[in-house]
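Colleague: The hints should help you fit chain B onto chain A, whose structure is shown.
From first to last, the protein sequence lines are chains A and B. Numbering follows the numbering used here, in which position 214 of the first sequence is assigned residue number 331; successive positions increment by one, without gaps. Numbering follows the numbering used here, in which position 84 of the second sequence is assigned residue number 85; successive positions increment by one, without gaps.
It is possible that some hints are incorrect.
A few chain B residues that face chain A, going by a derived Cβ cut-off under 8 Å, partial list only [what the hints assert, rightly or not]:
hint : residue
1    : Gly43
2    : Gly56
3    : Val57
4    : Cys58
5    : Leu68
6    : Thr104
7    : Asn106
8    : Val146
Since the hints were made in silico from the structure, they are not lab data. Even glycine gets a Cβ: it sits at the ideal position worked out from N, Cα and C.
In case you want the letters, here they are:
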Amino acid sequence: MHLVMISCTPRAVKASNTAKILEKFREGYESVGNTTETYYLAERKSWEQIRVAYYENEQVLFALPLFVECIPGIMMEFLESLDYERLAQMQKKHVAFLVQGGFAEASQLRCCEKYLNMLPAYLNAEHMGTLIKGDMFSVSIMEGDARKKMIAPFVQMGKLYAEEGHFDKEKVSEFAKPEYFSKRIILLSGLFSPLRKLVMQGMAKKLGCKGSLMAKPYQRYVN
Amino acid sequence: MRYLILSTLAKEDEEVQGVLKELKEQGVQISYINTNEKQISGCIGCNTCWLRTPGVCAINDDYEQILIRMLQADRVILITETKLGFISYKMKNVVDRILPLATMNLRFKDGQMRHYPRYKKKLEMALVYKGQADNVFLTEWMERVCINLSFTSLGAFDMERKGDLYHALGYDQLHAESC
Numbered sequence: 118m119h120l121v122m123i124s125c126t127p128r129a130v131k132a133s134n135t136a137k138i139l140e141k142f143r144e145g146y147e148s149v150g151n152t153t154e155t156y157y158l159a160e161r162k163s164w165e166q167i168r169v170a171y172y173e174n175e176q177v178l179f180a181l182p183l184f185v186e187c188i189p190g191i192m193m194e195f196l197e198s199l200d201y202e203r204l205a206q207m208q209k210k211h212v213a214f215l216v217q218g219g220f221a222e223a224s225q226l227r228c229c230e231k232y233l234n235m236l237p238a239y240l241n242a243e244h245m246g247t248l249i250k251g252d253m254f255s256v257s258i259m260e261g262d263a264r265k266k267m268i269a270p271f272v273q274m275g276k277l278y279a280e281e282g283h284f285d286k287e288k289v290s291e292f293a294k295p296e297y298f299s300k301r302i303i304l305l306s307g308l309f310s311p312l313r314k315l316v317m318q319g320m321a322k323k324l325g326c327k328g329s330l331m332a333k334p335y336q337r338y339v340n
Numbered sequence: 002m003r004y005l006i007l008s009t010l011a012k013e014d015e016e017v018q019g020v021l022k023e024l025k026e027q028g029v030q031i032s033y034i035n036t037n038e039k040q041i042s043g044c045i046g047c048n049t050c051w052l053r054t055p056g057v058c059a060i061n062d063d064y065e066q067i068l069i070r071m072l073q074a075d076r077v078i079l080i081t082e083t084k085l086g087f088i089s090y091k092m093k094n095v096v097d098r099i100l101p102l103a104t105m106n107l108r109f110k111d112g113q114m115r116h117y118p119r120y121k122k123k124l125e126m127a128l129v130y131k132g133q134a135d136n137v138f139l140t141e142w143m144e145r146v147c148i149n150l151s152f153t154s155l156g157a158f159d160m161e162r163k164g165d166l167y168h169a170l171g172y173d174q175l176h177a178e179s180c
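Bound-form chain B, shown alone:
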């Protein structure tokens, strides 16, 4: 199992370090990116990645590494702080830049219009947040994000309840220890 863990929190954040350590102990392969050490601009909505250079973002910064590592991973865990009841702008910028993984071509799936995915890629994604938020909303948002990319959402989890995350990841021993 290959994990990509993306965090917008401070590099030395103890809880993130804890998650990394506990997952490593499960024998999984982890690729960790702290976005504060990277140059990641926000999406500028230019549609270049859909219409001019399909699959390639027009912005030349460190995001390409993230896109590539997503394609190499089985699971992506997004870790961020909440702001105003949503994820921080730093993480929203990371998520907004994911569009090269979708194509401009559309189809109907389960009664709604969807983008054709660019790659045949099974990816599971989870959101872990620190701070106040409406978990029901963030869970729904994560679900919607994944549906549109043909990924699977594992859910949204408050860092204070990381046992629930471990349960969703299938590590019931870690789940038991965290509860």
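Looking at chain A on its own, in the form it has when it is part of the complex:
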């Protein structure tokens, strides 16, 4: 099988969490004798090439970060640019999605998942499932083994997708856990909140932040 993978994040490839995750997924998918080609919407000059790859291939995976509860604007823009008359005349494609988000709970990605359940019908495509995973905010901030550990599980999911031809609902649900955090963890998190804020402020300082993360630069306009 040959899979076209389209990374639908606007973030530059080098700094992209989605691209790093997709790379692991590719490893797994190809480990059982399959082939892939990967495209990045962030590279706008290649959009025509991506459209051609989309029209000419049967198997497509869209990988995306959660952007304000749904797909990013750049992905919507790309999808709007497809030729729907042409797609209507073509054989139905097999389309799957991989969504990663910053919030750790799978429940935070469910609204986007609902849209992705509807989207293939608009694309004249068959939906092969959606893989979701939260807690991916720091993939690009982490380095070395910490990053490897975070994204290594996507190798297995790529392999599974290759073997089964779709994302199995039960396996995907297991992979996406936790759906919610337990009351105990929520309570503990509250206790550690000041420490977490300090860690976050420290991280920001390393990135060149000179003020508070809670700064209010437009406060004078607030009514």
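Modeller: Relative to chain A, chain B alone:
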């Protein structure tokens, strides 16, 4: 009551003009922005507005005016066309750029992790769309958007049923006239 009305539809769209006129007749203050006349890029996901220059977007375009007017408003009405069962990319770009209003710090609220809002600001938001869409989904999406920003969603409304919008806004006379 101060309204910010953001539309991605053509400037001369009669239905948008109708909404503006009818709301003005209610004596409210309206700030209207047609996004086609503005330079608004999509969010590039750089996290600068959270981590490097908190509250300030790295992209230097016309979006800053929108952010400021949101902070000045009591209610924001987003008007757009639907595409593929969702809002158009033009409006999604507008919504994606709202992140400077949230901060990087997180807390649990109602059992889920949320961003701390950057400003103490009460804002109500509604979505009005033209075209086909699943209203239940768009209503849920709007609700989720607002929860994460500590705003209140007034709902998602098909332009063809704008009476429902007026009802949600509390203008029952307009609601009656539109039904």
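Colleague: Confirm or reject each hint.
Modeller: Tested hints:
1. Because the smallest distance between the Cβ of B:Gly43 and any Cβ of chain A comes to about 4 Å, under 8 Å, the interface hint for this residue holds.
2. Interface hint status for B:Gly56: upheld, as the beta-carbon distance to the closest one in chain A is roughly 4 Å, under 8 Å.
3. Hint status for B:Val57: holds, given a least beta-carbon distance of 5 Å to chain A, under 8 Å.
4. The beta carbon of B:Cys58 is not positioned within 8 Å of any beta carbon in chain A (closest approach about 10 Å), and the interface hint is therefore violated.
5. Hint on B:Leu68 holds. Least Cβ distance to chain A is approximately 7 Å, under the 8 Å limit.
6. The criterion of a C-beta within 8 Å of any C-beta in chain A is met by B:Thr104, whose closest approach is roughly 6 Å, and the hint holds.
7. For B:Asn106, the shortest C-beta to C-beta distance to chain A is roughly 5 Å, which falls under 8 Å, so the interface hint holds.
8. Taken as an interface hint, B:Val146 checks out: its beta carbon lies about 5 Å from the nearest beta carbon of chain A, inside 8 Å.
This entry does not satisfy hint 4, going by the numbered hints stated previously; all others are met.
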